[in-house]
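Quick mapping for you: the protein sequence lines, in order, are chains A and B.
Take 1 as the starting number for the first sequence in my numbering and just add one per residue.
Take 1 as the starting number for the second sequence in my numbering and just add one per residue.
Warning: the hint list may mix true and false statements.
Below 27 angstroms or equal to it, Euclidean Cα-Cα: the simulated BS3-like pairs (lysine-lysine) are [as the list claims (entries may be wrong)]:
1) A/Lys-434 - A/Lys-450
2) A/Lys-83 - B/Lys-411
3) A/Lys-234 - A/Lys-217
4) A/Lys-382 - A/Lys-434
5) B/Lys-61 - A/Lys-83
6) A/Lys-434 - A/Lys-410
Rather than coming from a laboratory, the hints here were simulated on the basis of the structure.
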Amino acid sequence: MAGGAGYVTVIGLEVHAQLLTRTKMFCRCPAAFGEEPNTMVCPVCLGLPGALPSVNREAVSMAVRLGLALGCVIERESAFARKNYFYPDAPRNYQISMYDRPLCTGGSLVFEDEGTEVNVRLERIHLEDDAGKLLHGRGGHSLIDFNRCGVPLAEIVTRPEIHSPRQASLFLRRLRQMLRYLEICDGNLEEGSMRVDVNVSLRRTGDDALGTRTEIKNLNSFKAVEAGLEVEIKRQRDELESGGTIVQVTSLWDAREKKLVTMRSKERAHDYRYFPEPDLPLLIIGEGWIEEERAKIPELPLDRERRFRREYGLPAYDAGVLTAESDIADYYEETANLTGEPKTSANWVMRDVLRELKSTGGDIGGFPAGPAALAGLIDLVKGGVVSNSAGADVFAAMIESGESAADAVKRLGLECISEVNELEEIVDRVLESKPDEVERYHRGKKQLMKFFVGQVMKESGGKADPLIVSGILRRKLGE
Amino acid sequence: MSGLAGKSVGELLLLYRDGAARPAEVVGDCLDAIDSRDRVAGAFLEVFRDEAMARAEELGKEDPGRLPLYGIPVAVKDNICTCGLPTTCGSKILGRYRPPYDATVVERLTAAGAIIIGKTNMDEFAMGSSNEYSAFGRVRNPWNEEYTPGGSSGGSAAAVAAGMVPAALGSDTGGSIRQPASFCGVTGLKGTYGRISRYGLVAFASSFDQIGPIANDAEGCALLMQALAGPDGRDSTAIEEDCPDLLSGLDAGLADLSFGIPEELGSWDLDPAVASALDEASRAVAAAGVAPETVPLPGMEISIACYYVIANAEASSNLARFDGVRYGMRENTGSLGSLYALTRTAGFGEEVKRRILLGTYVLSAGYYDAYYSKALSVREMIRKAYGAVFSRIDLLMLPVTPGQAFLLGEKLDDPVSMYLSDIFTTPANIAGLPAISIPAGLSADGLPVGVQLVAAAGREDVLLRGARGLEKLFRFRERSVPGGGDA
Ligand SMILES: [Zn+2]
């Protein structure tokens, strides 16, 4: 939905990506999840008096890689800053973030919106540390788990250049894909390893001035981003059309009730009193470090998608599906290269492999049939050893047992019956047992050919090649 | 042997090496001295009697020559974390807080063979110049108990001056080692910013804070500094290069050192005792080699403003963590907001609250540029001015404070006058330079007066050599002992 007649929707995004470092941002505690509360902590991440932060170079490396992948300028000197606010999940009562000297500036992200390429420019990417988790309502008390406290976050801030909720969601999907390709964040919105804040305003068409913007937090899925924005845009438009004004507020999205809950208005906005973090020197990044990170960047989603179309002749849709995740793309490429049949391989991966992964919820890394196994099956089908229809059963058997295609075929006795004599006997048997249908066929009910083929296939236990069967049938039925 | 506690660090090391004393005797003597003198002095907040004795017995079995601070009892300012032992920062808000870790300096002292004998009184969170802002009672100047020992490391300076311990650690944010050292007639050293790790020092103003030694003489400071200094992966602001050798050239004399005296001193109304100490130092230097030259040092008059803006800004953020949620005292209430407000209202003293408010103000939207940003520019200007001075001379010589120690209560209701007594010490913190206070003589009231030397960044070796040279000329320790004591 756009802003509606007379309005342009203007959306900006702030995304927090939890980085997959081994240790925390400013101490050497493991950045581990699912552990007993307050076991992954030390004086530094607990903000104890006298403890001092020291920067995790792995986190900087990851953010530099992200910046390079998004075409940002990597600032040779950047500075950490303190963001001051009182809240129990931040044990120092300030967050160490970056303010006027972020690590990365500029850059952009490209995605496709209904066949049109959209390029959204970025403001900045900076590093900061995560807060702990509050657990409310245990016998009237609130408890704090600091295991997450200090885990590195990269904050990605876009310019206000997104013009619809759908675009916002497409941007986020592409960003998530990038983060996963770079292996720096698992991009899970539901679990909060990727967190999205949106700001939105409506601008009158032809008017240069931006409208007053509002913020929405707690958007835990792509769907929530779209739905939250839809609701807020409608609210703003109704307000403006009835002659009202927009007040700068921050709301939380209530996914269950599908409504926005106002959290705070501008009058109560924080003054974070940012100032340079005196415990950390300037972050200096030399050319050598940047080149080191550049070398670690894999082929990125858009490049890979384009190459799949060019090199393997895949349709845009297939290329998009197959490059959604880099490990699926790897699996596909290996299979296609082994078989030399890119389109057939694409069909198998998209239809059979992805469906199986979706139904089991597994990932390709642990998939029982690797690219070599799948390629073996595709070869058997191509060579006529297994019929296309029996192929699906063979595939199921391979996943079940982990055996090779050839072994599965043998075990199940699914080799094609290619002996014409054997097939002719079956055809004769079928035609003899169905005199009424033969009669009707001869009177012109030609659609019955399908029925005959089906009967022969059934008789053969699925081992016959349907093309050969229909050839024999036509001959026997006198055509 | 009695009087061991009043020996210098160097003297004790010699006694150990000659087999003339054992650590347990020295610690025993220190504990006796504390017992007899600290009831009046109030220098210690905590004495680790059993721990220190046990450690002394243990060390007694070791070879005295192996460890650079073998058997040296050291008192530690109470804003430096001691694992499992109370660390209060002189504040009620920390309650009986016991850190779960040792500060880097405590680890290094222990590794060097020193014995931590207790924790010393201080102005709350190191904010003050008289030690009167401690939540746990005042400290009295060992030379005259009507006077303050200075602050904020007043307990550490008084403990050394009163002969209760041969050395102590202080922290110096705007003069908090040098000023009490001067008031108490002992030697106090603040190194180059980053020379000693701050890990485990409860922060007041992170970009100024430095831990440093207080001892009876320059040699004692050098011996402690050498053991404390050096890179530390846990403090990113620690200097990555090793500390220069402070000991081998210590007695090389003043002959080839060039001294400068700030031209701007003339415009200051100095206490006669302070002025004459500086004159004496100047004459002594001239007699030993080259007369000090006067050097322009602009910015001294605005250094105080610059210092208080930046220091309070950092303090307002550093002290935010004391909120009653995780440790220390808590005023329990229904809501989170009032828990914060009541805990901090009850837990912090007036001076700390004053500085938190000032610091919060200068960082606030609309005031940041006028105060904080401007102060950062002034800081750069002062750094440059000092850089230029040290391209001409080796050591800058100036007073530690405009006057001698003041009476207890004298400046308590006049915070600005208290702040102004930091005028000669804050520039070294602003510029991050090493500086030392050495006792020069006594005022007409019989109170010690020191002089201050400042060296170029990283040149603690030059600084200590100059201090040692002057100390030999002043012969302060031989000529004077604190009145009322039996040292
Ligand atoms: Zn930690």
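Cross-check of the supplied hints:
1. A/Lys-434 - A/Lys-450: 14 angstroms, holds
2. A/Lys-83 - B/Lys-411: Not satisfied, since the Cα-Cα distance of roughly 35 angstroms exceeds 27 angstroms.
3. A/Lys-234 - A/Lys-217: Roughly 17 angstroms between the alpha carbons, so the hint for A/Lys-234 and A/Lys-217 holds.
4. A/Lys-382 - A/Lys-434: 33 angstroms, violated
5. B/Lys-61 - A/Lys-83: Violated, at about 52 angstroms.
6. A/Lys-434 - A/Lys-410: Distance ~32 angstroms between A/Lys-434 and A/Lys-410 Cα, so the pair is violated.
When each numbered hint is compared with the structure, violations occur for hints 2, 4, 5, 6.
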